[in-house]
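Participant: Below, each chain spelled out in residue letters.
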Amino acid sequence: KQEVTQIPAALSVPEGENLVLNCSFTDSAIYNLQWFRQDPGKGLTSLLLIQSSQREQTSGRLNASLDKSSGRSTLYIAASQPGDSATYLCAYLPGSNYKLTFGKGTLLTVNP
Amino acid sequence: DGGITQSPKYLFRKEGQNVTLSCEQNLNHDAMYWYRQDPGQGLRLIYYSQIVNDFQKGDIAEGYSVSREKKESFPLTVTSAQKNPTAFYLCASEQGNTEAFFGQGTRLTVV
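Line by line, the protein sequences give chains A and B.
Quick note on numbering: my numbering labels position 100 of the first sequence as 111, and the sequence is numbered without any gaps.
Quick note on numbering: my numbering labels position 96 of the second sequence as 122, and the sequence is numbered without any gaps.
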């Protein structure tokens, strides 16, 4: 069964701190892995997409890495801000089918 | 603007009723998805479609039905057979195994 695990489930940090969110998945053959942000009651906003041939992607203060051999991805957020408070979800597209599969997310709170 | 539009934003269903959630995209994407989100459960896949006139069951398809008659539209019907339909429903699309985009969701409540 295809599964995604995100650790930690919740994280509370003071403003300005650098932090790492973790995602692990069960397949070694994947098309891509994507990180999303979700604000309460809203849809998902795509943050970063890493194709299977890539090792990392960067956008502003965000950096995501992908290690297919170990089935892991990390999302690094530099100099966190209160506006970063949200739930962060990772999802991967398995190479065996087209079922975009999600973890349960990490709820991030950045305190001023 | 290009994107995915879900309607309505809020929907109330009486016991025994069928209701249909709309999902429209103007991104020219072939693939479309429906997910259900419950507190603490993450997103669970209901149905997905890789191309017009074709769709597959996801992990929790019982009590739901879909159609894909047009590339831009992927409506989801929640039937009376779905015993616990109260949830947040999200529609997504993507093209060529690349970046997926989501709508703003429909919150369905049974009254």
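In case anyone wonders, no lab produced these hints; they're calculated from the structure.
Do not take every clue at face value.
Residues on chain A that point at chain B, a partial pick, calculated with CB under 8 Å [stated by the list, open to error]:
(1) N43
(2) K53
(3) G54
(4) L55
(5) S57
(6) Y87
(7) Y109
(8) K110
(9) F113
(10) K115
(11) G116
(12) L118
(13) T120
(14) V121
Here are the simulated lysine-lysine pairs, DSSO-like style, with alpha carbons at most 30 Å apart [what the hints assert, rightly or not]:
(15) A:K110 to A:K79
(16) A:K12 to A:K110
(17) B:K35 to A:K79
(18) A:K115 to B:K35
(19) B:K97 to A:K53
(20) A:K115 to B:K109
(21) B:K35 to A:K53
(22) B:K40 to A:K12
(23) A:K12 to B:K83
(24) A:K53 to B:K109
(25) A:K115 to B:K83
(26) A:K110 to A:K53
(27) B:K40 to B:K96
(28) A:K53 to B:K83
(29) B:K109 to A:K110
(30) B:K109 to B:K35
C-beta atoms are modelled at their ideal positions from N, C-alpha and C, and glycine is treated no differently.
Participant: Could you run down the list of hints and mark each one as holding or not?
Facilitator: Here is what the structure says about each hint:
no.: 1; hint: N43; in the structure: holds, 6 Å
no.: 2; hint: K53; in the structure: holds, 6 Å
no.: 3; hint: G54; in the structure: holds, 4 Å
no.: 4; hint: L55; in the structure: holds, 4 Å
no.: 5; hint: S57; in the structure: holds, 6 Å
no.: 6; hint: Y87; in the structure: violated, 20 Å
no.: 7; hint: Y109; in the structure: holds, 6 Å
no.: 8; hint: K110; in the structure: holds, 6 Å
no.: 9; hint: F113; in the structure: holds, 4 Å
no.: 10; hint: K115; in the structure: holds, 4 Å
no.: 11; hint: G116; in the structure: holds, 6 Å
no.: 12; hint: L118; in the structure: violated, 10 Å
no.: 13; hint: T120; in the structure: violated, 17 Å
no.: 14; hint: V121; in the structure: violated, 22 Å
no.: 15; hint: A:K110 to A:K79; in the structure: holds, 18 Å
no.: 16; hint: A:K12 to A:K110; in the structure: holds, 12 Å
no.: 17; hint: B:K35 to A:K79; in the structure: violated, 37 Å
no.: 18; hint: A:K115 to B:K35; in the structure: holds, 23 Å
no.: 19; hint: B:K97 to A:K53; in the structure: holds, 25 Å
no.: 20; hint: A:K115 to B:K109; in the structure: holds, 23 Å
no.: 21; hint: B:K35 to A:K53; in the structure: holds, 10 Å
no.: 22; hint: B:K40 to A:K12; in the structure: violated, 35 Å
no.: 23; hint: A:K12 to B:K83; in the structure: holds, 15 Å
no.: 24; hint: A:K53 to B:K109; in the structure: holds, 24 Å
no.: 25; hint: A:K115 to B:K83; in the structure: holds, 21 Å
no.: 26; hint: A:K110 to A:K53; in the structure: holds, 22 Å
no.: 27; hint: B:K40 to B:K96; in the structure: holds, 29 Å
no.: 28; hint: A:K53 to B:K83; in the structure: holds, 25 Å
no.: 29; hint: B:K109 to A:K110; in the structure: holds, 24 Å
no.: 30; hint: B:K109 to B:K35; in the structure: holds, 21 Å
In the structure shown, a violation is registered for the earlier hints numbered 6, 12, 13, 14, 17 and 22, in ascending order.
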